[in-house]
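Asker: Could you build the full structure based on these sequences and the hints that come with them?
Each chain, written out:
There are 2 protein chains.
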Amino acid sequence: MRIALDAMGGDYAPAVTVEGAVETVNESEDIEIALVGDEPSIKRELSGKRYPPTRLQIRHASQVVGMDEPAMAAIRKKKDSSIKRAIELVKNREADAVVSAGHSGVAMAMALFMLGASEGVHRPAIATLMPTIRGPFVLIDAGANVDCDPENLLQFALMGNAYCKTMFDNPEPKIALLSIGEEDTKGNLLTKEAFKLLKEAGIRFIGNIEGKDIFMGHADVVVCDGFIGNIVLKTSEGLAEVILKMLKREIADVTTGRIGYLLMKPALRNFRKKTDYAEYGGAPLLGINGTCIISHGRSSAKAMRNAIKVAAEFSRKKVYEIITEEIKSGGKSAKG
Amino acid sequence: MRIALDAMGGDYAPAVTVEGAVETVNESEDIEIALVGDEPSIKRELSGKRYPPTRLQIRHASQVVGMDEPAMAAIRKKKDSSIKRAIELVKNREADAVVSAGHSGVAMAMALFMLGASEGVHRPAIATLMPTIRGPFVLIDAGANVDCDPENLLQFALMGNAYCKTMFDNPEPKIALLSIGEEDTKGNLLTKEAFKLLKEAGIRFIGNIEGKDIFMGHADVVVCDGFIGNIVLKTSEGLAEVILKMLKREIADVTTGRIGYLLMKPALRNFRKKTDYAEYGGAPLLGINGTCIISHGRSSAKAMRNAIKVAAEFSRKKVYEIITEEIKSGGKSAKG
Numbered sequence: 001m002r003i004a005l006d007a008m009g010g011d012y013a014p015a016v017t018v019e020g021a022v023e024t025v026n027e028s029e030d031i032e033i034a035l036v037g038d039e040p041s042i043k044r045e046l047s048g049k050r051y052p053p054t055r056l057q058i059r060h061a062s063q064v065v066g067m068d069e070p071a072m073a074a075i076r077k078k079k080d081s082s083i084k085r086a087i088e089l090v091k092n093r094e095a096d097a098v099v100s101a102g103h104s105g106v107a108m109a110m111a112l113f114m115l116g117a118s119e120g121v122h123r124p125a126i127a128t129l130m131p132t133i134r135g136p137f138v139l140i141d142a143g144a145n146v147d148c149d150p151e152n153l154l155q156f157a158l159m160g161n162a163y164c165k166t167m168f169d170n171p172e173p174k175i176a177l178l179s180i181g182e183e184d185t186k187g188n189l190l191t192k193e194a195f196k197l198l199k200e201a202g203i204r205f206i207g208n209i210e211g212k213d214i215f216m217g218h219a220d221v222v223v224c225d226g227f228i229g230n231i232v233l234k235t236s237e238g239l240a241e242v243i244l245k246m247l248k249r250e251i252a253d254v255t256t257g258r259i260g261y262l263l264m265k266p267a268l269r270n271f272r273k274k275t276d277y278a279e280y281g282g283a284p285l286l287g288i289n290g291t292c293i294i295s296h297g298r299s300s301a302k303a304m305r306n307a308i309k310v311a312a313e314f315s316r317k318k319v320y321e322i323i324t325e326e327i328k329s330g331g332k333s334a335k336g
Numbered sequence: 001m002r003i004a005l006d007a008m009g010g011d012y013a014p015a016v017t018v019e020g021a022v023e024t025v026n027e028s029e030d031i032e033i034a035l036v037g038d039e040p041s042i043k044r045e046l047s048g049k050r051y052p053p054t055r056l057q058i059r060h061a062s063q064v065v066g067m068d069e070p071a072m073a074a075i076r077k078k079k080d081s082s083i084k085r086a087i088e089l090v091k092n093r094e095a096d097a098v099v100s101a102g103h104s105g106v107a108m109a110m111a112l113f114m115l116g117a118s119e120g121v122h123r124p125a126i127a128t129l130m131p132t133i134r135g136p137f138v139l140i141d142a143g144a145n146v147d148c149d150p151e152n153l154l155q156f157a158l159m160g161n162a163y164c165k166t167m168f169d170n171p172e173p174k175i176a177l178l179s180i181g182e183e184d185t186k187g188n189l190l191t192k193e194a195f196k197l198l199k200e201a202g203i204r205f206i207g208n209i210e211g212k213d214i215f216m217g218h219a220d221v222v223v224c225d226g227f228i229g230n231i232v233l234k235t236s237e238g239l240a241e242v243i244l245k246m247l248k249r250e251i252a253d254v255t256t257g258r259i260g261y262l263l264m265k266p267a268l269r270n271f272r273k274k275t276d277y278a279e280y281g282g283a284p285l286l287g288i289n290g291t292c293i294i295s296h297g298r299s300s301a302k303a304m305r306n307a308i309k310v311a312a313e314f315s316r317k318k319v320y321e322i323i324t325e326e327i328k329s330g331g332k333s334a335k336g
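Line by line, the protein sequences give chains A and B.
End of the first sequence sits at 336 in my numbering; the numbers just go up one at a time, nothing left out.
End of the second sequence sits at 336 in my numbering; the numbers just go up one at a time, nothing left out.
Worth double-checking, as some hints may not be accurate.
Calculated lysine-lysine pairs in the DSBU-like style (CA-CA distance at most 35 Å, straight line) [as the list claims (entries may be wrong)]: (1) B:LYS77 <-> A:LYS77; (2) A:LYS234 <-> A:LYS91; (3) A:LYS199 <-> B:LYS245; (4) B:LYS212 <-> A:LYS196; (5) A:LYS77 <-> A:LYS248; (6) B:LYS77 <-> A:LYS186; (7) A:LYS186 <-> B:LYS273; (8) A:LYS273 <-> B:LYS273; (9) A:LYS192 <-> B:LYS49; (10) A:LYS328 <-> A:LYS196; (11) A:LYS212 <-> B:LYS212; (12) A:LYS199 <-> A:LYS49; (13) B:LYS79 <-> B:LYS309; (14) B:LYS309 <-> B:LYS273; (15) A:LYS196 <-> B:LYS174; (16) B:LYS192 <-> B:LYS212; (17) A:LYS318 <-> B:LYS265; (18) B:LYS79 <-> A:LYS248; (19) A:LYS245 <-> B:LYS77; (20) A:LYS91 <-> A:LYS317; (21) B:LYS234 <-> B:LYS79; (22) B:LYS79 <-> B:LYS49; (23) A:LYS43 <-> A:LYS79; (24) A:LYS212 <-> A:LYS91; (25) B:LYS245 <-> A:LYS309; (26) A:LYS309 <-> A:LYS212.
By construction, these hints were calculated from the structure, which means they are not laboratory data.
Answerer: Structure representation (structure tokens):
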């Protein structure tokens, strides 16, 4: 299993990408990693570290796409960017999967352009894991497509279904449509039409789900357009951070609270672990011919390590081939 | 100041509506309340309570709209519902404002139908307060309009601006558009067009705001369509609940945590108070000829009391007239 890692992508690259790669090859004997990016920088990060050199190589790329660069300009102008060269390795079958914590818009557009959409897929979509009180659910689309039609949402449901079945060994995932009421008459023009299509698809469609219920763990896959998905994802991240910050501030204001906080620290640590995106590693771009995992820009070395493992498993289980089957059959063939 | 209260609306009505009304008239000498609903039930709740009878009267209505009834059927068939009769009092100038914690869709539709939209307003919208690390911001539209055009979003911004200036004495509220990136090129078709209109309007438009930043308190008013607004509102409510639940569970699993929890309780209570929707009382429907406050279905007596006070202040400050001015002038006349 060979993973192409965009060594320059992310807020803390190349330090955390190199560290994550080194840890991974030291842990997993069946994984090889190509660190793609500025060779001198990568070498500096590697110096002093121990790792099996046959399974960790450098592929030089002279350019880096900045996190805030306009996507289209970066794609047009930076012909030798680390993200582009990393995807190229997959395209040329020199790698099985690519991982990037860099500019997600550029990574998605390049992966789609260079690897192509799977047969029958109109719009590839990002599938992100979000924590619930029971275990994570898949949010699809988390930001790849800001304007969608009902048919797109149907395909997101089918792709999420195939992903959930294959990666999480869930034989019949519960699929829900994100809306503003449980009844099929509730929603906007887009979701009301999509509801009809989902009802007819060969999936376990449990109907609409409201925002207040997504964290209860009732659904395994929550379907929405990428604009709403991105807002839900970011709002949840922002709110969770603010709640913990506000709690800390309240605690600091109360003397007994400070002692309480020290005693509660192990519990808070467990909570953070359960809700930490770094545990999930990264989000796959579903519906392309290949494996592409997009990681959070703020990824730590641990997050990178998990993302590489997700990429390896995704590729090993041939999820993208199963998705193509699912789209062809409308959910019917791959069921159970 | 006379408030028409839908005594039968909400999950815990008429117990909490009557209690909230009694507390209000005992506290505020300038408020009179008409309790609209089933007279025998209201009388039962009133029995044993002390209040000035001249300022708390009952207006009988024989029907109640259930929280889960299809809105259109309820509007057509229930001609003597408590919510309808309560709005009627405003229409007939027997009350200055109406408050309901009942079926929000029915309350909004009836208020719009019976009182009419303000001159120039295409779509009235719900303005909800949401907590941030600094203080609350106004989310508009929080659920009245699921499909919107750019012009609708412009009007939401103008109405939110007038509301914020008048109710919170904020001379120049910072208005932001909810989107998936800060640059004006980020967004869906709707928000990209709305961005252009907001930039030209006579308001302090600070550009797009991402979901992760809304709780930081950078914006005083966050504008979005009612589908997304409702999902953001409900997702935030659901997540906050789940975070507190998960924290409690983690704490229960750790012995030192349990002691810590007891010591932290005052801090948790302060936190809850700051984020409790009951503190805000209710959300006004902006853009109609009159004052209509929609409260949370799960409202407590305290939430009802706060909603009645919001209604009185809203009416006293003639917010709905100021909104009409704001819409007419495109934000320019009422500025500063």
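Asker: Need the list of violated hint numbers for this structure, in ascending order.
Answerer: Hint check: 1, 5, 9, 12, 15, 17, 18, 19, 24 fail, others pass.
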